[in-house]
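Colleague: Okay, here's what each chain looks like letter by letter:
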Amino acid sequence: DAGVIQSPRHEVTEMGQEVTLRCKPISGHNSLFWYRQTMMRGLELLIYFNNNVPIDDSGMPEDRFSAKMPNASFSTLKIQPSEPRDSAVYFCASSFGGSAGELFFGEGSRLTVL
Amino acid sequence: SQQGEEDPQALSIQEGENATMNCSYKTSINNLQWYRQNSGRGLVHLILIRSNEREKHSGRLRVTLDTSKKSSSLLITASRAADTASYFCATDTDYKLSFGAGTTVTVRA
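Heads up: the protein sequence lines correspond to chains A and B, in order. Residues in the first sequence are numbered consecutively from -19, following my numbering. Residues in the second sequence are numbered consecutively from 2, following my numbering.
Worth double-checking, as some hints may not be accurate.
Claimed, not checked - Which stretches of chain B does chain A cover? Using the computed rule of at least three CB atoms under 8 Å from a CB of chain A, they are:
hint, stretch
1, 22 to 34
2, 41 to 51
3, 97 to 107
Stated by the list, open to error - Label pairs and their in silico Cβ distance ranges:
hint, chain 1, residue 1, chain 2, residue 2, range
4, A, H(-10), B, A82, 22 to 32 Å
5, A, R(-11), B, A110, 27 to 37 Å
6, B, T65, A, Q(-3), 44 to 54 Å
7, B, E16, A, T18, 47 to 57 Å
8, A, G(-17), B, L62, 19 to 29 Å
9, B, P9, A, F54, 36 to 46 Å
10, A, T92, B, A82, 27 to 37 Å
These are calculated hints, taken from the structure and not from any lab test. Yeah, the Cβ is synthetic: ideal placement off N, Cα and C, and Gly gets one too.
Chain A extracted, bound-state conformation (with noise of 0.2 Å):
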């Protein structure tokens, strides 16, 4: 298996402009996370899925920020508009049974807004 593939890898964008990022699970994995990365707020949950329905959106910092799992093999996570304070290394995860087991991370995507 490929293991979660995320993508892009880097993304450098100016403010006010719309970022979307990718996520494709393990094939067989009901849960899905987004985590975003910062120095100064470390590992943060931003929502989580089950069998592809939004289970918890709680730490979504604003309206600007949406996700979608239209299907069990996608996910996009989208900021609009994008502002430098959202530069991160956003991180998508999948596992079978939630956080009851293992969760496999992708490797990220690294967001600058400038």
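The hints should help you fit chain B onto chain A, whose structure is shown.
Modeller: Positioned in the frame of chain A, the structure of chain B alone reads:
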């Protein structure tokens, strides 16, 4: 919000020595997990210990859990240069896995 807090924040050891790091948390948990992150990479799962377990081993890793003190420790024995990484504890409360700030371990050759 971070549930777990690791200590120390950074650790530098000589190759062959043991490395110990601790994690304290605040609320009841279902399980506690340890992850490793190499620079610029994603997190990799190391070991999971359930709330009714006290100790677990995996290769050169030994994890303990004391639910009465709400703390866990990760011991890496006979460290190698390849063990240089950041180590995170993560606590499972219901479906949420909350990560601590991590311990950065540097193994000197």
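Colleague: State for each hint whether it applies.
Modeller: Checked hints:
1. 22 to 34: holds (count 3)
2. 41 to 51: Result for this restraint: holds, n = 6.
3. 97 to 107: holds (count 7)
4. A:H(-10) x B:A82: 22 to 32 Å: 27 Å, holds
5. A:R(-11) x B:A110: 27 to 37 Å: 30 Å, holds
6. B:T65 x A:Q(-3): 44 to 54 Å: Holds - the Cβ-Cβ distance for T65 of chain B and Q(-3) of chain A, about 48 Å, lies within 44 to 54 Å.
7. B:E16 x A:T18: 47 to 57 Å: 31 Å, violated
8. A:G(-17) x B:L62: 19 to 29 Å: 21 Å, holds
9. B:P9 x A:F54: 36 to 46 Å: Since the Cβ atoms of P9 of chain B and F54 of chain A sit about 40 Å apart, the hinted range of 36 to 46 Å holds.
10. A:T92 x B:A82: 27 to 37 Å: Holds: the Cβ-Cβ distance is about 30 Å, inside 27 to 37 Å.
Of the hints listed earlier, the one the structure fails to meet is number 7.
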